[in-house]
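**Q** Okay, here's what each chain looks like letter by letter:
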Amino acid sequence: MFRVRDMQEDVGFDRRPQARLKPQPNEGGRGPDLLTTPSDDELVAAVAQGDERACRMLMDRHLTRVVALARRMLGNHADAEEVAQEVFLRVWTHAERWEPGRAQFSTWLHRVATNLCLDRLRRKGTTDIDSIPEPESEEPGPGELLEQRELADRVEEALQRLPARQRAAITLSHFQGLTNIEAAEILEVTVEAVESLLGRARRQLRDLLATEKEEWLRRTIK
Amino acid sequence: MKTMTSVSITTQRLAELIDAYGASPERWPASEREQALALLARSPVAREQMQQARQLDNLLDMAPVARPSVSLEERIMAARPRSVPPVKAVAAAPARSFWAGLMGGFGSSRSASLPSGMLAASIVLGLTLGTSVNALEYISKGLNGSSATTTASATTLATTEDTRDQFLGYAVLDSSYAEELIR
Chain A
1 MFRVRDMQED
11 VGFDRRPQAR
21 LKPQPNEGGR
31 GPDLLTTPSD
41 DELVAAVAQG
51 DERACRMLMD
61 RHLTRVVALA
71 RRMLGNHADA
81 EEVAQEVFLR
91 VWTHAERWEP
101 GRAQFSTWLH
111 RVATNLCLDR
121 LRRKGTTDID
131 SIPEPESEEP
141 GPGELLEQRE
151 LADRVEEALQ
161 RLPARQRAAI
171 TLSHFQGLTN
181 IEAAEILEVT
191 VEAVESLLGR
201 ARRQLRDLLA
211 TEKEEWLRRT
221 IK
Chain B
1 MKTMTSVSIT
11 TQRLAELIDA
21 YGASPERWPA
31 SEREQALALL
41 ARSPVAREQM
51 QQARQLDNLL
61 DMAPVARPSV
71 SLEERIMAAR
81 PRSVPPVKAV
91 AAAPARSFWA
101 GLMGGFGSSR
111 SASLPSGMLA
121 ASIVLGLTLG
131 TSVNALEYIS
141 KGLNGSSATT
151 TASATTLATT
161 EDTRDQFLGY
171 AVLDSSYAEE
181 LIR
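If you read the sequences in order, they're chains A and B.
So the first sequence is numbered by our numbering: it starts at 1 and just counts up by one.
So the second sequence is numbered by our numbering: it starts at 1 and just counts up by one.
Hint data in this document are derived by calculation from the structure and do not stem from the laboratory.
Warning: the hint list may mix true and false statements.
If you want the footprint, here are the derived chain A segments under chain B, 3+ residues with CB under 8 Å [unchecked claim]:
no., region
1, 36 to 49
2, 54 to 65
3, 80 to 87
4, 149 to 162
5, 170 to 179
6, 200 to 206
Only a predicted model underlies this, so the values are computations on that prediction, with no experimental measurement involved.
All C-beta atoms in this analysis are idealised placements derived from N, C-alpha and C, irrespective of residue type, glycine included.
Build the full structure now, drawing on both the sequences and the hints.
**A** Here's what the structure looks like:
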């Protein structure tokens, strides 16, 4: 089914089938000049011409952030890597229709990744949130400190207990470091709506992580 | 969007910013950041709220950091676009008729063109049969109708069994056929 979001993921792409990007300044289809730092737009143009180095540079530049986003959204690494792979397959497929300057490539990349994650969560239904186990009920004993790994797991569990769009908002803003305007563009809502999602997410996280916060404070003071 | 570049923001608004974006001013909306920081310097209440928000920020930063695996990188690179080979292969392809091309892939390579080709053929066949029936119905009407011209044309058509001729006759009658339908 065609959705508005599908169309908006095309922002930045020239939908005309005959259109081609301008050739790169360097000759012979050898990709962008790697002595200077090429822009994303330049790399995408070289990717469209099958330039292997450009493909690798673009992947090296963005893959870690895409995997991180998907991991925050989905809560497990295997699913996150599947989403990241799908994101880059779309980059490879659509590279020749990319229009430099029309949209920011990294924002588009976040939009595709976020939407793929939300689609996965939607397919799983609401049970994905309810099925997430509560953090272990046994409280650490007096003086007992949580191990760093355990604390990290509890934070991730708390994130997974958030409604999907609140999780997306806190992921984009806090973890990915995007501006409120970029987050609003990616989530296709107003800036005010992003702010509302963020406020609710942080309040819920504060409640979910009250115990962990005390533990963390004890650790840092000690 | 709440743009307050020329008006000092309120303590309420500052509290909203901290509540939503946390304790790092770089996450606050750029249009309000400067005013918010100025107010923060004057507000002990806001600084206390900042302290609470910073604790949550630090806790969130402890969430596991995911790194892409080498195998993921390999899969992505394996699927990368390749340089387009010369087009001579296309020119060297043996010429085949439409039907040979359509049926040629059926037994051998399950060509993707087969379903679409068969669909197109079905549509053409359906249209042919459908319009032929309509034409013949019209002809029979014409034989009993009031227009002498129509009757003459239809009689000519009725005497031939050639489908192509039926189409030619139908095209001649086409303009009056629409009027017939309206009536």
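**Q** If a hint holds in the structure, say so; if it does not, say that too.
**A** How the hints compare with the structure:
1. 36 to 49: That given contact holds, which follows from 3 residues of the region 36 to 49 of chain A lying within Cβ reach (below 8 Å) of chain B.
2. 54 to 65: Coverage by chain B holds here, the residue count being 5 at a Cβ distance below 8 Å.
3. 80 to 87: Three-residue rule met by the region 80 to 87 of chain A, so holds; n is 4.
4. 149 to 162: Check passed, 6 qualifying residues.
5. 170 to 179: holds (count 6)
6. 200 to 206: As far as the region 200 to 206 of chain A goes, the hint holds, because 4 residues have Cβ atoms under 8 Å from chain B.
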